[in-house]
Amino acid sequence: MGELTGDTQAEFERRLLTEPTLYEELEIAEDELIDEYLSGEMNESDRTNFEQRFLASEERRRKLSFSRSLRKHLSMRTPPTNRSWSLFFNRPVALAAFALIALAVALVSWRVYFTESDVTKGLVALNAAYREQRPLEARISSFSYAPFSVTRSGEHAPVDDTTRDRAMRILLDAAAERPGPTSYHALGRAYLAEKQFDKAIEQFEKAVQASVNDPQLWSDLGAALLEKGRTEQSGTGLETLGRSLENLSKALQLNAGQLEALFNQALCYELMMMPEEAEEAWENYLARDSDSPWAIEARQRLEALRQRKQRGTSDIVNEFVAAYSDRNNEAAWNLIRSSYSSSGNAIANSFFINKGPNADRVGVLSFIGRLAQQRAGDNYYADTARVYALSTPQELQDLEGAHQQLVDAYALFTQSKFDEAIAIYDRAQRDFERLGSFAESVFVQYRIAHSYVLKPDLEKSRQLYERLLRLCGERRYQWLAGQALIGLANNSVSRGEWTRAIAYSKQALTLFEATGHTDGLLRSLIQLSDEHENLNQSPVALTFMHRALAIVSFEASEPMQRWGIYTALGLNLEALESLSASAAYHREALRLALEMQRPLIISRTYAYLGSVYGRQKRFVDAVLNLQQAYDLGARMGAEPNGIDIMGHASLQLGDVYSAAGDYPKAIESYERCLGLYEELKFPFYSYAAHRGKLLAYIQLEDDISTERELQVLLSSLEQYRENITQQSQRNSFFDTQQSVFDAAIEFSYLRRRDQAAFAYAEQSRARTLLDAMYQARLPDGLLDLELDNVNSPLSLDIIQQRMPDEAQLLVYSLLEGKLLFWVLNRTGISTAERDIDGPALKEQITRFVREISRVPVPQDEGFRDDARKLYDLLIQPVAGFLDPNRALCIIPDKTLGRLPFAALISPSGHYLIEDYQLQLAPSASVFIHTSELAAKKAIGEEKVLSVGDPSFNTAEFSSLPRLPAAAREAEEIARYYKSSILLTHERALESRVKAEIEKSDVVHFALHYVADPTSEMLSKLVLAAEATKADAVPARFNILKTSVAERGSGADGLLQAYELYGLKLPRTRLVVLSACQTGIDREYRGEGVVSIARPFLVIGVPLVVASLWPVDSEATAELMTAFHRHRKKSLLSTTAGLQRAQAEMLRGGDPHYRHPYYWAAFVVTGGYAQF
Amino acid sequence: MKSWDPSQELFNRLLEWLDADRDAAGEKYETIRRRLIKIFTCRGCTEAEDLADETINRVTFKVADLVQAYTGEPALYFYGVAQKVHLEYLRKAKSVPQSMMPVIERDQLEQEHECLDCCMEKLPPENRELVLRYYGEEKQAKIENRRQLAEELGIAVNALRIRAYRIRRELYDCVRHCLDEQPAH
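The listed protein sequences correspond, in order, to chains A and B.
Counted the way our numbering counts, the first sequence spans residues 1 to 1171.
Counted the way our numbering counts, the second sequence spans residues 1 to 185.
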């Protein structure tokens, strides 16, 4: 049906002409395709293809017509009974092997017939190689059953190496000679069996692109991700498992009975700790395969799951009593520390309302008190035990009564009757105070504060928690202090004070790590996950959840703890687009919520599940779930919590209606949400509701309402900016909010309000950098910049007034379907626009950068086509406005930040760098700021610090080569300056560099740069290591655990980004980072690219030269030497010097270096400068 | 496309080139033509037969040279020419209609059904029963049904598949023949 690629098709056609049986096989396949079409078994895409392409010939249309008639004829006839066959065929009945059926079915697809023999041969060999034991727990399609076992000795599964190698050879040849989905798929299976997961995934993904409707392929891709996820540590593993489930679901959408996918899905649920989903999945598997060897294994797993569930119902109080009787302190403490929940400690609680003698009670409480003091430094139960020991019988009876009130109040609390609960808690508190049990009266205050959080009454709960924290600090009630911290974190989240919330949660986590309270650990981890999730830091959020999963026991943990974990994981994975996994976690959570019968919890779970279904475009399911959530609130009448429930469900309903295209209904839901929360004076969801309204009004083209919503949102965003005070949090949060700014830019631009559009663009761009340039600090214990102020960007008028005469700005706004241009200089402003296909442009830029940034082969001109097209798209529309006599500073947007503009090619065949002095700036305001700084620093003779080829620690960086060319580069450069400090090889010590840099005007680093994948603050310039290793900072350390003591001491030979923030560079006017990819670490929408260049800009260096990709050492040495020569000998400015050096190289005598790979990576970032 | 046909003499030389035995050559010729039609059909050409004939004509004109110079498999030479013919076709081709679903008149359908009934009756009973059973089920049941059928017949499923196809082809040819003999409307 026209799906074969060129070479594949030619190969097939040649064989069709020469092989005797292939023609008949093809005819049969055509008949079968026709039958498939007529019986409605074809999917939509194949059907369209069939109608448009397959039926193009008259002959096939005749066959279709004939097949219709045949079907009609058959439908009117009753097939003969089986017995009649013996009359016609008097042949011995042979057993048809099941494998032959599989082969026959496979042959139906004539599209892959030609590769089948090779691939089949390879797969048969692969299967044979692993016939004794399968290599992975997951099922790989076309593999026969073989048992799987994990050995503790680490021995590999028995495998026939020779056969496996043969299989690999055949399949590699098949993929190379006849590339296509069949051969890729087969090769992927071979890699998967060898546990080369990334290679397997690569092959499967290539195959899936060409054959999107093959359920086996999706299943195998899911299997590869499953096995990869199993091996990964931290949150990445969960993310990969989430992707696995997504692919397995896709397989099952295509074929609900795909056994491999069903099997793997159940395994994946088990790995992701979803016991109920796993149980259901195994049952589902067994319903379709009840007697194969796979089924036997499935049944065993199902049985094991059920047994684990039964084991989990043991009585912890009895276990504790046994441990207490045996004086087994270890076991007793483990039971105690894991028995906390928001109602207190379950073991201790069972002794407060006790019918037994008080002596026993006091004994137990004293025992618990002692253990808690010794193990966790917590005085709570020791204080309580003393009160019980000294109380009279009447007082003891009253204490029991107060405890009964706690039980009653908690029951009301779980039913969301918070006012009634608070009233009873108040009475209990008074009783405990009267009876002298101070500790317990403090506990009741915690309960009251918790009730106010959920009511919700933010002000009251904050006051109570702050008081509680103070009291607990004085008395050393550790568990309660941790609860107060989490409560305060929660309260701060509700106010949008994310940075503060995270600080509280981290304190709570540190506290619970010390005390070992399981409940506290879990709650702090969940809280931190939620906070980072809201800041668009899903990978970090998942890291916390990974830790939570390692702590929790799904058999024994409290349902509420498990609910919290499932819900957080569901939300994390939803943000990462792993919707199947997200929905599964929410379903798991829903079972628990229904079991607990807590309306708030049930309603939230329905709402989350509905939201995920909405994202999956299962709109009916989505609305049904959200309606369930809403109705729970509605049934609670005027209770504040009922209003909260309805408000929350309304918000989610708005999102679902919007996704379904019903914008009026969406707006109605958002307004209901806003009204309900207004009633509660609880603004937490207000931003989300207004954002939903904005997007709906834009769709409805309601300008007045759009304008109104924009104003509300932009003002809220500035409020968020003030409340999010850490650099990384702000960058990631505003990354997700860029769509609001983009909507504002487009809305204003289309209404010819260019100034407003420009202002919105500037308002969204590199704001954190701007704030950091004014004032920022690196607090102890944090690897993040703390931003104390929010600075407004400059207006267009001011920018124009303060523009250097010699410069012009080209500012881009890359919107979804439109690219906006502003060209401005001191005297004028011009605008232009161009309709674009956003994803296609992104793809084009990615392709161009990929092409240009790899070592070229001779005559490699493949980049030129895209270079011209990109020029046409990005420069041509404003070419008439640009002045070639002015330096051109480009302010890129989003993915344009990765583009080497210098290498774009104009219609006259020039590279852009040949026509303009080029530089980049993150925003117009930053450009002005750095230009003015440059003007102040442009005084006096320059002193250079030139650093090259440091003798770094080769044991730590064994993959990095030494850079002799960089040493030469540094030496050459130093010669151009009258005053210079040259630090090469072992002299390039971190301490020397730090000491000299502050005294230098120009700093040149020719060395290795190593970007850190976990945090840009840990990315490093690799210098010479000092002799002492004891103080060395580990190359990678946990961002959350970093303390001042662990900070770089200057001895480890690594100049890390966070250390740069601590430097003071009053003289430095230019830093050249002549190393690999120093210009891009990561990219945020709004904030732009973040790299090691950034700290230099923040600490007052107005110009930084950095690279966009890993560069060639020899060519870079030549380029950089020329650059400094032009600066010093020809007295050119930095941008002009780099321009000339690049132009010389691209036209130069060495044809090898003319390719942009060698010269286009380096860009100047910052302001305009005369030097 | 070229509009003239090669002479009988050239055509005879072509057959000689294909095989010294005249009958075998004729068979080879037919096979190549049928397969070329299939190739053009699979490439989505609406005039597959014309293109196959054009390919054969061009080879026929070249046959004198081929006898001297070409030593490979003749079918592959036809293939090389077919690719050129296809390229030329693509340059001239008009846009493909959105859907190729045939619009069939009700009368025509009824005629076809009548023909099929008639052709069914002409089949040997065992072949008729085989068709009825082989094509009698759909989806999952189809696979099981065919497996059982193959088992009863003592043959492999793939052999059954080929046997059913051949009977179906016979039926199809019979129906085409029957329709051709019907008076035109």
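Among the hints, a few may not be true.
Listed below are several chain A residues computed to face chain B (Cβ distance under 7 Å; list not exhaustive) [unchecked claim]:
hint: 1; residue: Leu17
hint: 2; residue: Thr18
hint: 3; residue: Glu36
hint: 4; residue: Leu38
hint: 5; residue: Asn49
hint: 6; residue: Arg53
hint: 7; residue: Phe66
Hints were generated in silico from the structure; no laboratory data involved.
The beta carbon of each residue, even a glycine, is placed where N, CA and C say it ideally should be.
message = Run through the hints listed earlier and report the numbers of any the structure violates, in increasing order.
response = 3, 4, 5
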